[in-house]
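Residues in the first sequence are numbered consecutively from 25, following the numbering used here.
Keep in mind that the hints are not guaranteed to be accurate.
[Stated by the list, open to error] In silico DSS-like links for lysine-lysine, alpha-carbon gap of 27 Å or less:
no., residue 1, residue 2
1, 417, 427
2, 354, 372
3, 34, 90
4, 229, 178
5, 397, 420
6, 441, 427
7, 56, 178
8, 90, 229
9, 441, 417
10, 397, 354
11, 354, 56
12, 189, 56
13, 34, 164
In short, the hints are calculated from the structure, not lab data.
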Amino acid sequence: MGKANFQRPKGTADLFEENVHEWQHIEQQARKIFARYGYGEIRTPMFEAFDVYARSAGDTSDVVTKEMYDFNDKGNRHMALRPEGTAGVVRAYVENKLFGPEHESPYKIFYMGPMFRYERPQAGRFRQFHQIGVEAFGSKEPSLDAEVITMVVKFLASLGLKGLKVALNTLGDQGSRQAYRDALVAYLQPHADELSKDSQTRLEKNPLRILDSKDENDQKIVADAPTIFDYLSEESKAHFAAVKGYLDDLGIDYEIDQTMVRGLDYYNDTIFEVMTTDPNLKGAATIAGGGRYSGLVEEFGGPETPGIGFGLGVERLISLLQAQGQAEMKPAGLDFYLVHIGEDTQAKTLELATALRDLGYSADLDFTGRSVKAQFKTANRRDARFVITLGEKEVKTNQVQIKDMATGHQADLDLAKVQDDLAGIVKVLEAEEE
RNA sequence: GCGGUAGUGGUGAAGUGGUUAACACACUGGUUUGUGGAUCCAGCAUGCGAGGGUUCGAUCCCCUUCUACCGCCCCA
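Whole structure, please, built from the sequences with the hints as guidance.
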């Protein structure tokens, strides 16, 4: 293990080889599908002024009070590594006046990259983790809610995931939410003594959280609590009904979950989560979470603009993919592996490899002076389609051997005419495979 | 931030207060020297997360620390 001081920071990961392939696949899939829905990419800084996050998340939220990875820079500015994507995107939206008339509305964008939270690592929870997220600004239309939800579902489906469910709820508008909150507190207050310790503090800080408490007794008490649906304004009711209607039309399955709430204050109306029912990820069942919000753009000095978005945890997504055996982790096999014998062949071999690469093939060779047998073993391990052998003899005659690793058949290849010959020879060898 | 479990080579792991730390996989080399995926042979931890202590002696006992994992808070 070596020196203890050179360990990677707590809660971070090094990704390489197979792991990277799955990441690339996911990111590529996201770009492809989001583009179909008209979402362009936005890249914002990985850190912002501390206040950007404090302002958007609410000063008392856990994210701000205990999870922020913050620091003072050399100019004594209070900065923070981004704990989530929305705040930075909203800041950029306002700062670049993307609400201006020359830009599309709704303004639809996605982002992907690392996020940071100073907390104790655990299953599906890291100090540096990655999110793929989406935001759409400037439309209150419920059809946009439906589009966003549909897009996540389609994206996840494209990765071959199974056992997912979309949980849907509404928080109502500001007024509905406040009225409901009061009603909930009024209902719970008489039971305060019976509530779990955690829920007693939640009663003060964030009563809605009690709804999804894990404590059994809390759940019993909550079972008879009033629901948000009793307090929705007509407008919020209509909005939610419309979202459900669109999702039904689109054939997207969802479940209404009245106990689902949000950690951040700015959400209202539609909220949703995509969760897995896979028991392996019980502690990190939520793969993606999002919803509609209002007031954020104003908070950053822009015009009143509604928004909707979601964030998706890539690490969680990957553990789920792996649990389901869906992770595609085989690297692509090599087209050509060049075996060379003798020291004088190195130059010629490198030359041939370069020529093959210029022709668009993948090709590799040995750089450690190993035996022919060893080189063939490597070719095999690299899943090479063809092996080309160069020895003293071949260099002299300019005729090399090309071997089809699947069949063992060999043919001669004229080095002087690689470009013209190759395709023909490959065709012949392939024919012999029949 | 709180509580719990663990930490042996590239990997999975066995193991004991006392000369050479099992076994398997992987890897490297060889099996007549220019040909792979099989078999067989050989090699592969001066070291048991790090630091300190107890002891004649510690990988195995004690303390501290780091890290990972599990649960809570919270969340992706």
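Evaluated hints:
1. 417 x 427: Cα-Cα ~17 Å, so holds.
2. 354 x 372: 31 Å, violated
3. 34 x 90: 16 Å, holds
4. 229 x 178: 36 Å, violated
5. 397 x 420: 22 Å, holds
6. 441 x 427: Given that 27 Å is the threshold and the Cα spacing comes to 17 Å, the pair holds.
7. 56 x 178: With Cα atoms ~11 Å apart, residue 56 and residue 178 stay inside 27 Å; holds.
8. 90 x 229: OK: residue 90 and residue 229 at ~15 Å, within 27 Å.
9. 441 x 417: Given that 27 Å is the threshold and the Cα spacing comes to 17 Å, the pair holds.
10. 397 x 354: 24 Å, holds
11. 354 x 56: With Cα atoms ~21 Å apart, residue 354 and residue 56 stay inside 27 Å; holds.
12. 189 x 56: 23 Å, holds
13. 34 x 164: 41 Å, violated
Checked against the numbered hints above, the structure violates hints 2, 4 and 13; every other hint is satisfied.
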